[in-house]
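> For reference, the chains in residue letters:
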Amino acid sequence: MAYDDLRSFLNALDEEGQLLHITDEVLPEPDLAAAANATGRIGENAPALYFDNVKGFTDARIAMNVHGSWANHALALGLPRHTPVKEQVEEFARRWDAFPVAPERREDAPWRENCQEGADVDLFSVLPLFRLNDGDGGFYLDKAAVVSRDPQDPENFGKQNVGTYRIQVIGANRLAFQPVPMHDVAQHLRKAEEVGEDLPIAITLGNDPVMAIVAGMPMAYDQSEYEMAGALRGAPAPIATAPLTGFDVPWGSEVVIEGVIESRKRQIEGPFGEFTGHYSGGRRMPVIRVDRVSYRTNPVFESLYLGMPWTECDYLVGPNTCVPLLKQLRAEFPEVQAVNAMYTHGLMVIISTAKRYGGFAKAVGMRAMTTPHGLGYVSQVILVDEDVDPFNLPQVMWAMSAKVNPKEDVVIIPNLSVLELAPASEPAGITSKMIIDATTPVAPDVRGNFSTPAKDLPETAEWAARLQRLIAARR
Amino acid sequence: MTSTPSECPRCAHETIEQLFTSPVPGVWDVLQCGRCLYTWRTTEPARRSRRDAYPDNFKLTEADIDNAIEVPSVPPLASRG
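Those sequence lines, one after another, are chains P and F. Counting in my numbering, the final residue of the first sequence is number 475, and the numbers go up one at a time with none missing. Counting in my numbering, the final residue of the second sequence is number 1081, and the numbers go up one at a time with none missing.
Simulated from the structure, these hints should not be mistaken for laboratory data. Careful: at least some of the hints might be erroneous.
Claimed, not checked - Listed next, the in silico EDC-like pairs over lysine to aspartate or glutamate satisfying Cα-Cα at most 16 Å (straight line):
#1 1059(F) with 97(P)
#2 55(P) with 1029(F)
#3 407(P) with 445(P)
#4 265(P) with 1070(F)
#5 362(P) with 408(P)
#6 55(P) with 25(P)
#7 265(P) with 332(P)
#8 327(P) with 90(P)
#9 1059(F) with 1014(F)
#10 55(P) with 87(P)
#11 327(P) with 97(P)
#12 265(P) with 1066(F)
As the list claims (entries may be wrong) - Counterexamples of contact, computed for chain F against chain P with all Cβ distances above 12 Å:
#13 1004
#14 1005
#15 1014
#16 1051
Given the structure is predicted, the values throughout are model-derived calculations rather than measurements. Positions of the beta carbon are idealized from the N, C-alpha and C atoms, including for glycine.
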């Protein structure tokens, strides 16, 4: 089941019991953010939240935590809501292989129903904006799919980028924007600013659930997020032409904001509570002038709470970080079984692997650190045996407690690269990195007393599937 | 809303602009500091909307704003040949 817009997915969540409509009047602050924050504190499979009775507003519709549980993430991919995490990641990896799937252009985009232009643009009148965390500098758009093109190659569909960046609303028609230097849009901006030109940009809000997943996925510069969305949806991604910039934007967006990043200008931004569980900000960032806003009648404003993990952000970028690492490791080391890179966008990674020979697992750990994503993340790697599920943390803790001889199995490498937002880096952008080898030594590594492991019974896997079927059928 | 505060909760600057007012009249305003761009709603808790309750960790001074680093830095202009 592929959803073409946010609304149809919200309906599906509602039918599955995964959308909670809060009808009581709430305050814009602190209620909206506190409720979304609380979804991560009430156990598994928290629902999306939908608010339409917000004090002071007459016409607000706000969706939060849309991807904020494994049930919701499964439904976003069209999988049954009880699909285990490891299976969701495996299915994600399987569908990845269908890339690229050409998008389908449609001309009747519902966001063409209404628009504001030029001096009439007032984002506050279209979006019920609100603050997330106490220390945030203002109100943010933090779940947008932002579209930009390479100014030196504007007709190249693959180099057209769709990404999620933090965006602070600093005026009725002005935004502050964070392009981290390693992100694709930063390359586009640099090329424009080197010749003193503004960079056109389209910011799309309230998208179908797969669009939000691909916008946050680490992909190559010339790979199209729309073609990846098609692969993950199992159906072409519907796109339409944005009226001002001419960019390709999702057909189903609730709101399409168009304008330019003003060339060579910076303004104070932030702070903003980030995915690391810490604030970053108080820096001078690029600014956007908004020239046109197109929006559906009765638009739904989608926002995402992030702060101390776990929050929706961790579900949203969990599997989409595991899969690129899994693909890159398996390309050279087919022994790799699974990669759990769900902690802080892969700052810590757990890898299960078979061993070719003694010392092999540590090599896999070093390779993970030298993948493209690993250069900015992967500061801790735990290696576990092929029969340990890296998504099952009690099993991982068992492997650590039973298999690790710290003197030989913990390796620390100083002065490696990491993203500057990593709170433990010192100086910012530099860190030591650690491998913990919790695999069973194999020859010629003959350390320890591991000759008689107690393994799962041969029939257990079949019984596990049978129990899950029986439990699901009972509901 | 009446009684617009006289200073920014975050940087104590005294030029405050109204960005928006509640569609239901008189419930709240969205205000913004003319210097540090801090933006808040008048109905937010005191820890976000009053200078005397604003957390020290998040306060900004004029020097903080003036010395903030650029991210990303503005690149040199390419020479046109």
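> Run every hint past the structure and note whether it holds.
Tested hints:
no.	hint	verdict
1	1059(F) with 97(P)	49 Å, violated
2	55(P) with 1029(F)	12 Å, holds
3	407(P) with 445(P)	14 Å, holds
4	265(P) with 1070(F)	10 Å, holds
5	362(P) with 408(P)	11 Å, holds
6	55(P) with 25(P)	6 Å, holds
7	265(P) with 332(P)	44 Å, violated
8	327(P) with 90(P)	11 Å, holds
9	1059(F) with 1014(F)	15 Å, holds
10	55(P) with 87(P)	42 Å, violated
11	327(P) with 97(P)	10 Å, holds
12	265(P) with 1066(F)	14 Å, holds
13	1004	16 Å, holds
14	1005	16 Å, holds
15	1014	17 Å, holds
16	1051	15 Å, holds
Consistency with the previously given hints fails for numbers 1, 7 and 10, ordered from lowest to highest.
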